[in-house]
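Which chain is which? The protein sequence lines are A, B, C, D, E, F, G and H, in order. Counting with the UniProt record's numbering, you get residues 1 to 221 for the letters of the first sequence. Counting with the UniProt record's numbering, you get residues 1 to 221 for the letters of the second sequence. Counting with the UniProt record's numbering, you get residues 1 to 221 for the letters of the third sequence. Counting with the UniProt record's numbering, you get residues 1 to 221 for the letters of the fourth sequence. Counting with the UniProt record's numbering, you get residues 1 to 221 for the letters of the fifth sequence. Counting with the UniProt record's numbering, you get residues 1 to 221 for the letters of the sixth sequence. Counting with the UniProt record's numbering, you get residues 1 to 221 for the letters of the seventh sequence. Counting with the UniProt record's numbering, you get residues 1 to 221 for the letters of the eighth sequence.
To be clear, the hints were calculated from the coordinates, so they are not data collected in a lab. Given the structure is predicted, the values throughout are model-derived calculations rather than measurements. By construction, the Cβ of each residue, glycine as well, lies at the ideal position given by its N, Cα and C atoms. Errors might be hidden in some of the hints.
Keeping only pairs whose Cα atoms sit at most 30 Å apart, straight-line, the calculated BS3-like set for lysine-lysine is [claimed, not checked]:
hint	chain 1	residue 1	chain 2	residue 2
1	D	Lys78	G	Lys24
2	F	Lys78	A	Lys78
3	C	Lys78	A	Lys78
4	H	Lys24	C	Lys78
5	E	Lys78	B	Lys78
6	D	Lys24	B	Lys24
7	E	Lys78	B	Lys24
8	B	Lys78	D	Lys24
9	E	Lys24	G	Lys24
Stretch by stretch, here's where chain H covers chain D in the computed footprint (C-beta under 8 Å, at least three residues) [stated by the list, open to error]:
hint	stretch
10	19-25
11	120-128
12	145-151
13	184-192
Below, each chain spelled out in residue letters.
Protein chains: 8
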Amino acid sequence: MDFIFDWNRAARTGLPEAVLCSAKSTEQITEILAAARARGARLLLTRLEPAGFAALDAAARAGLDYDPLSRTAVLGGKVALADAQVAVVAAGTSDLPVAREAVQTLAFSGQGALLVADVGVAGLWRLMERIEDIRVCRVVIAVAGMEGALFSVLGGLVSAPVIAVPTSVGYGVAEGGRAALTSALASCAPGVVAVNIDNGFGAACAALKMLAMAAPSRGEP
Amino acid sequence: MDFIFDWNRAARTGLPEAVLCSAKSTEQITEILAAARARGARLLLTRLEPAGFAALDAAARAGLDYDPLSRTAVLGGKVALADAQVAVVAAGTSDLPVAREAVQTLAFSGQGALLVADVGVAGLWRLMERIEDIRVCRVVIAVAGMEGALFSVLGGLVSAPVIAVPTSVGYGVAEGGRAALTSALASCAPGVVAVNIDNGFGAACAALKMLAMAAPSRGEP
Amino acid sequence: MDFIFDWNRAARTGLPEAVLCSAKSTEQITEILAAARARGARLLLTRLEPAGFAALDAAARAGLDYDPLSRTAVLGGKVALADAQVAVVAAGTSDLPVAREAVQTLAFSGQGALLVADVGVAGLWRLMERIEDIRVCRVVIAVAGMEGALFSVLGGLVSAPVIAVPTSVGYGVAEGGRAALTSALASCAPGVVAVNIDNGFGAACAALKMLAMAAPSRGEP
Amino acid sequence: MDFIFDWNRAARTGLPEAVLCSAKSTEQITEILAAARARGARLLLTRLEPAGFAALDAAARAGLDYDPLSRTAVLGGKVALADAQVAVVAAGTSDLPVAREAVQTLAFSGQGALLVADVGVAGLWRLMERIEDIRVCRVVIAVAGMEGALFSVLGGLVSAPVIAVPTSVGYGVAEGGRAALTSALASCAPGVVAVNIDNGFGAACAALKMLAMAAPSRGEP
Amino acid sequence: MDFIFDWNRAARTGLPEAVLCSAKSTEQITEILAAARARGARLLLTRLEPAGFAALDAAARAGLDYDPLSRTAVLGGKVALADAQVAVVAAGTSDLPVAREAVQTLAFSGQGALLVADVGVAGLWRLMERIEDIRVCRVVIAVAGMEGALFSVLGGLVSAPVIAVPTSVGYGVAEGGRAALTSALASCAPGVVAVNIDNGFGAACAALKMLAMAAPSRGEP
Amino acid sequence: MDFIFDWNRAARTGLPEAVLCSAKSTEQITEILAAARARGARLLLTRLEPAGFAALDAAARAGLDYDPLSRTAVLGGKVALADAQVAVVAAGTSDLPVAREAVQTLAFSGQGALLVADVGVAGLWRLMERIEDIRVCRVVIAVAGMEGALFSVLGGLVSAPVIAVPTSVGYGVAEGGRAALTSALASCAPGVVAVNIDNGFGAACAALKMLAMAAPSRGEP
Amino acid sequence: MDFIFDWNRAARTGLPEAVLCSAKSTEQITEILAAARARGARLLLTRLEPAGFAALDAAARAGLDYDPLSRTAVLGGKVALADAQVAVVAAGTSDLPVAREAVQTLAFSGQGALLVADVGVAGLWRLMERIEDIRVCRVVIAVAGMEGALFSVLGGLVSAPVIAVPTSVGYGVAEGGRAALTSALASCAPGVVAVNIDNGFGAACAALKMLAMAAPSRGEP
Amino acid sequence: MDFIFDWNRAARTGLPEAVLCSAKSTEQITEILAAARARGARLLLTRLEPAGFAALDAAARAGLDYDPLSRTAVLGGKVALADAQVAVVAAGTSDLPVAREAVQTLAFSGQGALLVADVGVAGLWRLMERIEDIRVCRVVIAVAGMEGALFSVLGGLVSAPVIAVPTSVGYGVAEGGRAALTSALASCAPGVVAVNIDNGFGAACAALKMLAMAAPSRGEP
C-alpha cells in the first residue's frame with residue numbers, strides 16, 4: 001500500500017539551524033555562510049575554533065558574532081531573551097566552554113539561561129548556596145567532567161528534568177569523559193537523562209524541545 | 001556561614017515510590033511491602049522476576065497486581081489514566097518487556113501511554129504508518145536494541161523530546177545493549193536524550209518530570 | 001603428500017594495484033612510483049596526505065593525478081568509465097573524503113559510481129528523494145560516521161548488497177568510528193556487510209569483486 | 001514538497017522470511033507458526049535451541065523440519081537446490097553450527113552450498129587440498145573463531161567476494177568472538193567483508209543478494 | 001654484594017589470616033580448617049557461599065561462626081571489640097553484603113565499626129542526618145555501586161581518609177561495578193583512595209593498617 | 001524535618017589549597033594567583049607545564065617557586081619540614097615526575113618525604129637494599145607504570161598502608177597507565193589502595209589525611 | 001612461478017596430538033577416540049570437564065587416564081619421563097588446574113616438570129625459598145591470576161626463558177584474566193613471553209619447542 | 001627463618017644492557033652515556049627518535065652508532081656476528097622498524113639474524129618462497145600489524161618456537177596494535193608466544209634466552 005507522507009512537517013521542529021564546524025574546511029564554512037546570507041537565514045555555528053574563525057576572510061566574518069569561550073558564532077543577530085527557564089549548572093571552571101555552548105544555543109532561540117558555575121560536589125555547600133535559584137527553573141542542564149557526581153546530587157534535589165552533559169575534562173580513568181558519562185547513565189537518581197560527551201548544543205536542543213512541549217500553543221497541532 | 005536548608009522539598013519530586021527488586025531477597029521485599037501497607041502507601045515494584053513473585057507468600061502477595069511481561073507489580077491499586085500524552089515506541093517484539101516497564105511506570109502515576117510496537121527501521125514503512133499517531137504525543141520514549149537506529153530516525157521525524165532506552169537485546173557486538181546505547185548518544189538527530197540500558201522505569205520518570213514541568217500548576221512555585 | 005599449487009592464479013584477482021601511503025616515507029613512495037613506471041604499470045595511491053604529495057619531487061609527481069579530497073593519486077592515467085553500477089551514499093559532508101576514496105578506487109578500475117551525499121537519517125526525506133536513483137544500482141556502498149543509522153535504513157530499502165563503511169567522523173562516544181562500525185555489524189537489516197573504519201578503498205574492492213562475479217565471462221573458469 | 005513513495009518495493013528484497021527465536025517465548029513462536037500456516041507461507045526459524053524446539057506442542061511442530069546442529073527449522077518444506085555457487089568454509093569443528101546456519105539459510109532459498117570444514121590455517125595444507133573446489137564458487141562465506149586468520153588467507157587466494165563470519169568459539173582473549181571479528185575487519189586482504197559474530201544467517205543473506213545481482217533478470221528493473 | 005634479609009618481618013603485618021573460598025573446593029577448605037585447628041590459629045574465611053558452607057561436614061563446621069549476609073565465617077571465636085573508629089557507609093541495601101564483609105574483617109581483628117546504611121546521594125538528606133556520627137570516626141569506608149557518587153560527596157564532607165569500595169551492584173553500564181570504580185578513581189575530592197570491586201575485605205585491611213600506624217606503640221620501630 | 005548543617009566544618013580538612021592548571025588559561029591562572037596574594041594565602045599549583053609557566057608575566061611569577069620536573073609551583077614560600085614519615089617509592093626514572101608531585105605536595109604541607117627511586121621489581125635486589133629505610137616510614141606511596149608489579153611486592157613487605165599511584169609510563173598494552181592501575185586494584189597483597197593514574201597529588205593528600213588521623217590532637221574533636 | 005611445497009614437513013613439529021574438548025559433543029569425542037585407537041595413536045584431551053568425562057561410555061573410556069584437577073585425559077598410556085627441565089611455578093592454589101594442564105602436556109611428551117606452588121609475590125619469601133630449584137631448569141612456565149606480578153619478579157630472577165600463563169582467577173578488575181595478561185605483556189623484565197589466558201597447554205607446547213631447538217639432534221635438519 | 005640470598009646471580013642473565021630512551025630527557029641520556037663510557041660498558045639505546053639523537057651534543061654522540069630506521073643506537077662498537085640462528089619475519093614494509101629493532105638487539109649480543117620482509121599472508125606465495133630459509137633457523141620472530149594472521153600461518157609451518165611481535169601498524173579497529181596482539185594470543189597454532197606491541201627489543205631478548213639455554217655451556221649449572 002502506497003501512501004502520501006508530509007515530509008515537510010519533519011522540518012518544523014523548531015530547533016536552531018546549526019552547523020558543526022569541527023570537520024569542515026574554511027571554504028565549506030564560507031560557502032555555508034554565504035548561502036545563509038543569501039536566503040536571509042539566521043545560523044548558529046558550533047565548534048568553530050579561534051583559528052578557524054581567524055581563517056575566515058572579512059566578507060565571511062561580516063555580521064558574525066563570535067564567542068571564543070564556547071567556540072560558537074551567530075549569524076543574523078541576537079534575539080530578545082525570555083526570562084531564564086533553564087539552569088545551566090557547571091561543576092568546575094574547565095566545564096565552562098561546554099556549559100556556555102548550551103547557553104549560546106538557548107540564546108540563539110530566544111531562551112535566557114541561569115548559569116551557575118563552580119559547584120562541584122567536593123564542595124557541596126557551594127551547590128547548596130545556589131540550589132533555590134536552580135529549583136525555580138523548568139529544566140536543568142548539568143555539566144560535569146571527572147566522576148560526574150553532580151548529576152546524581154542534582155537529580156535528587158530538583159523536580160525539574162535534569163539533562164546531564166558529561167565533559168571530556170579529566171585525566172587517567174576520566175580522560176575523554178567516559179567516566180562522567182557512565183555516572184550520568186548509572187545515576188541512582190531517577191529522571192536524569194544524558195547526551196553525548198561535550199554536547200552542550202544537544203542538551204540545549206533537548207531543553208528547547210521540553211520547553212516547546214510546555215508552551216500553550218503546543219496543544220493545537 | 002551556616003544556613004538552614006529545606007530538605008523536605010527534595011522529597012517532593014512527584015516521581016513514583018518504587019523498589020528495584022533484582023538485588024533484594026524475598027524477606028526484604030516482604031518487609032518493604034508490609035511497611036508500605038502499614039503506612040497506606042502505593043508502591044511500584046520493578047524487576048520482580050516471576051520466580052521472585054512466586055516466592056512471596058500469600059500475605060505478601062495480597063493486593064499486589066503483577067505483570068509478568070514487564071516484571072512489575074503494583075501495590076495499592078490502579079489510578080485513573082489521563083489521555084495518552086506519551087508515546088512508547090518499541091523496535092521489536094523482544095523490546096516489549098522494557099517498553100512495558102515504561103508503560104506501567106507511567107500508569108502507576110496516572111499517565112496513559114500509546115504503545116507502538118514492531119516498528120524497527122529495517123521495515124521503515126511500518127513506522128511511517130504510525131508516525132502521525134506518535135506525533136500528537138508530548139513526549140516520545142523510544143525503545144530499541146541491536147543497532148538502535150530507531151532513535152535517530154524518530155528524532156528526525158517528531159518535534160517532541162525523544163527519550164532513548166537502549167535494550168540488551170542482541171548478540172555479538174550488540175550483546176548487552178552497548179551498541180544501541182552508543183547509537184542513542186551519538187545520534188545525528190539533535191534533542192535525543194538517553195537513559196541506561198533496559199531502564200524503562202527511568203525513561204518514564206524523565207517523561208513524568210517533563211509532563212510536570214509542562215503542567216499549568218508548575219508555573220507558581 | 002606433496003602437491004603442486006598454482007600460486008600465480010592468486011595474483012589474478014582483478015583488484016587494483018594499490019599502495020597505502022600513510023606509513024611510508026617520501027623515499028619509499030618515490031621508489032615505488034619509479035618501479036611502477038619502469039614496468040609500465042598503473043598504480044593507485046591511497047592515504048597520501050597533501051603534505052606527503054607536496055614532499056614528492058617533480059620527477060616523482062610526473063603524470064601523477066592527485067585528488068586532495070580523497071587523498072588518492074593515480075599513476076598511469078584514467079580509463080574510460082562504464083555506466084555507474086555502484087551507488088556510493090554518504091550521510092554527511094564530513095564523510096565525503098572516505099566516500100570519494102571509494103569512488104576513485106572504482107574509477108581506477110573503470111567503474112563509474114553514483115555519489116549521493118548528505119542524506120543522513122536525521123533528515124530522512126533527503127534520502128527518500130534519491131532512493132530510486134540508488135535502487136537501480138547493482139551494489140550500494142554506504143558511508144556514515146556518528147551513530148551509523150544510515151546502514152540499517154538503506155539495508156531495508158534496497159535489494160542490492162549494502163557495503164557499510166563506518167567513518168571516524170564524530171566525537172565523544174562516536175570518536176574514532178567504533179559507534180558507526182558497531183551499528184553496521186548489529187544492523188537489524190539482513191544482508192548488510194561491513195569493512196574497517198574509513199576503509200573506502202576496501203569497500204570499493206569488495207564491490208569490484210561482486211561486479212566481477214556478475215559479469216558474463218565469470219562463468220567459464 | 002510532499003511526494004508519493006512506493007513502500008511496497010521495499011518488501012521485495014528476495015531474502016528469506018525468518019524469525020530469530022532466541023528472545024521469543026514458546027507462546028510467541030507458536031503464534032508465529034500458526035500465522036504462517038494460515039497464510040501458506042514458508043518460514044525459516046533461526047537460533048531455536050533443542051529445548052525450545054522440544055517445548056513446542058505437536059500442532060506447532062507439525063511439518064517443521066528441525067536441524068539441531070544449526071538450531072534452524074524450516075516450515076513449508078524444502079525446495080530444489082541449484083548447483084552450489086557458494087562455498088561455506090569453516091576453520092574448525094566448533095565452527096560448524098554457524099557454518100550450517102548459513103548452509104540452511106541458502107538452502108531455504110534454493111541455493112546449494114559447498115561446505116568445506118576443518119581447514120584452519122594452523123594446518124594450511126588442508127586448506128590447500130580444497131582450494132580449487134572453493135575457487136570455482138561465486139561467493140565464499142568463511143567461518144572462523146579464535147584468531148580468524150582464515151579470513152585473510154582465503155581473501156588472498158580467491159577472486160570471489162569473501163564474507164567473513166567470526167564465531168564466538170574461543171577462550172581468554174578470543175572469548176565471545178571479538179578477536180576473530182577484528183581480524184576480519186583489519187584483514188590485509190582487500191575485498192573481505194564482515195558480518196556480526198555467529199551471524200551465519202546474515203552472511204547467507206548477503207550471499208543471496210550478491211547472487212541476485214548477478215542473475216540475468218536483474219538487468220531489467 | 002650478597003646480604004641477609006629478615007624475611008620474617010614481612011610476616012608481621014598484623015593483618016587477619018584469611019582464606020578466599022570462592023575458588024576452593026570443599027576438600028581444600030576442610031583441610032585448611034583442620035590445619036588451622038591443629039596449630040590453634042584463628043582464621044577468617046571470605047566469599048564462602050551458603051551452599052559452600054552447607055557442603056562442609058560437621059567436623060569442619062565445628063566452632064565455625066558463619067554470617068550468610070557477608071558470606072564470611074570465623075574460626076576461633078570472636079574477640080572483644082574496641083570502640084568504633086571506622087565508619088562503614090553503604091549507599092544502598094544491595095551494598096550491604098560488601099559493607100558487612102568489611103565490618104566482619106574489622107571485628108575479627110578487634111575493631112568495632114559504625115555501619116551507616118541506605119544513604120545514597122539521590123536522597124542527600126539521609127546522609128546529612130548521619131554525617132556527624134561519621135565525622136568522629138578515624139577512617140571511613142564508603143561502599144557504593146551504580147554511579148558511586150557517594151565517594152566524592154563523602155570525600156568533601158569528612159577529614160578522615162575515605163576508602164572507596166565500589167560494588168558490582170547495578171545493570172547496563174553499571175554492571176559489574178566498573179562505573180562505581182571509575183567514579184572512585186576520578187573523584188574530584190582529593191584524598192579518596194580505592195580498592196577492587198566488592199573488596200570489603202581489602203578495604204578493612206587498609207583501614208587496619210591506617211589504625212595501626214596511628215597507634216602509640218607504632219612509634220618505636 | 002529541616003535542620004541546620006555546619007558547612008564550614010567541611011572546609012577544615014587540612015588538605016593543601018591547590019589549583020590544577022592543565023585545563024586553565026594563562027589569564028585564569030594569573031587571576032587565581034592575584035586573588036591568593038590579595039588574601040595572603042599560600043597556594044600549590046599542579047600540572048603547570050614549563051610552557052605554561054613561561055607564559056605567565058613577571059607579576060604573576062613573582063614569588064612563585066617552580067619545579068619543572070614535577071610541574072608544580074608554590075606561592076607563599078616553603079615551610080619547615082617534619083622528619084620524613086612518608087616513603088615515596090618510584091619504580092623507574094620515568095616515574096619520577098609523578099613521584100615528585102607527591103613529594104612537593106607533602107612538602108607544601110610541611111611533611112618531609114623519603115624518595116626512593118629506580119627500584120622496579122625486575123631488579124629486586126635494588127628494592128631489597130632500601131627496604132629497611134622504607135619500613136620505618138608510617139605511610140608508603142608507591143609509584144609505578146608498565147605492569148605495576150611494585151605495588152604487590154611492596155604490599156607484602158611493609159606493614160604501613162601502601163598507596164599505589166599508577167603512572168602513564170609505558171607503551172602498547174601499558175599505554176596510558178591502565179595496566180599499572182589494574183595491577184594495583186587486583187593486587188594479591190591486602191591493604192594496598194589506589195588513586196587515579198599519574199595522581200601524585202591525590203596520593204599525597206591521602207597520606208596527609210592518614211598522618212592527620214594519627215596525630216595526637218586528632219583524638220579531641 | 002609455480003613450485004612444489006613439502007606440506008608434510010609441516011606436520012613434523014613434534015607437538016602432542018591434542019583435542020580441545022570444551023566445544024565438542026560427547027559423540028564427537030567418542031568418534032575421535034575411536035579413530036585414534038584404530039590407528040594406534042596416543043592422544044591428549046584437554047578441557048574435558050568431569051561431567052564430560054562421565055558422559056563417555058565404557059568403550060570410550062577404556063584405557064583413558066583422566067586427571068580431574070587439570071581436566072586432561074591421556075589415551076595410549078604414559079611414557080617414561082626425562083628429568084625435569086621445565087619449572088612450572090604457580091602463584092596460588094587456584095592457579096593449580098592451569099599449572100597442571102602444563103605439567104600433563106609435558107608429561108605426555110616425555111618431559112618431566114618441577115611444580116612449584118603457592119609462591120605469590122605477596123609472600124615473597126616463599127618464592128625465595130624455592131628460587132634455586134627453579135633456576136636450574138632450562139625453561140620456566142609461570143602461572144598466575146589476579147595482578148600477575150609473579151611474571152616480572154621471576155623474569156628478573158632467572159636466566160631461563162619465562163613463559164607467562166595468565167589465569168582467569170580473580171574478581172572485579174581481575175575477572176577473566178585480563179589483568180594478569182596485561183602484566184605479562186607489559187612486564188618490565190625483558191625476555192618474558194606470554195600465551196593466552198588459562199592456556200597451560202600452549203605454554204607447554206612452547207616449552208617443548210624450546211627444548212627441541214636445544215636438543216643436539218636439532219642441528220641436522 | 002632468615003637466609004642468605006645471592007642477589008648477584010640475578011644480574012647474570014646475559015641480556016643486553018639497554019636504555020629505553022622514549023621517556024628520557026636529553027640530559028638524562030647524556031648522563032647515562034657518560035657513565036657507560038666511564039666504566040667502559042657497551043650500551044644499546046632503543047626508541048631514540050632522530051630528533052632525540054640530533055639533540056645530543058658532539059661529546060654525547062661520540063662513538064655512538066645510530067640506526068634511524070629502528071631508532072636504536074649502539075655505544076661501544078659492534079661485535080662479530082654468529083651465523084643467523086634467528087629468522088626475523090616481517091609482514092609488511094611498515095613493520096620494518098620493529099623488525100629491525102629486533103635485528104639490532106640480536107646483533108648487539110653477537111647474534112646474526114635472517115631478515116625476511118614483505119611476506120604478509122594476503123600474498124601467501126611470497127611467504128612460501130622463503131619458508132625453507134626460515135625453517136632452518138632455531139627461533140622465529142614474527143612481526144606483523146593489521147590483523148596479524150602471519151603468526152598463525154608461521155606457527156603451523158615451522159617447528160621452531162615462534163615469538164609474535166604485534167605492531168601498531170593499522171587503522172580503525174587495528175589502530176594501536178591490539179588486533180594483531182589478540183591474534184597472536186588467540187592463535188590456533190600451538191606454541192606461538194607473544195610480547196608487547198612494537199616490542200622488537202623484548203622479542204630479541206626472549207630469543208637470546210632461548211639460544212642461551214641451547215648452548216652447550218648451559219648444561220653445567
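The hints, checked one at a time:
no.: 1; hint: Lys78/D <-> Lys24/G; result: holds, 29 Å
no.: 2; hint: Lys78/F <-> Lys78/A; result: violated, 51 Å
no.: 3; hint: Lys78/C <-> Lys78/A; result: violated, 51 Å
no.: 4; hint: Lys24/H <-> Lys78/C; result: violated, 50 Å
no.: 5; hint: Lys78/E <-> Lys78/B; result: violated, 51 Å
no.: 6; hint: Lys24/D <-> Lys24/B; result: holds, 27 Å
no.: 7; hint: Lys78/E <-> Lys24/B; result: holds, 29 Å
no.: 8; hint: Lys78/B <-> Lys24/D; result: holds, 29 Å
no.: 9; hint: Lys24/E <-> Lys24/G; result: holds, 27 Å
no.: 10; hint: 19-25; result: violated (count 0)
no.: 11; hint: 120-128; result: holds (count 5)
no.: 12; hint: 145-151; result: holds (count 5)
no.: 13; hint: 184-192; result: holds (count 7)
The structure fails to meet hints 2, 3, 4, 5, 10 from the earlier list, while all remaining hints are met.
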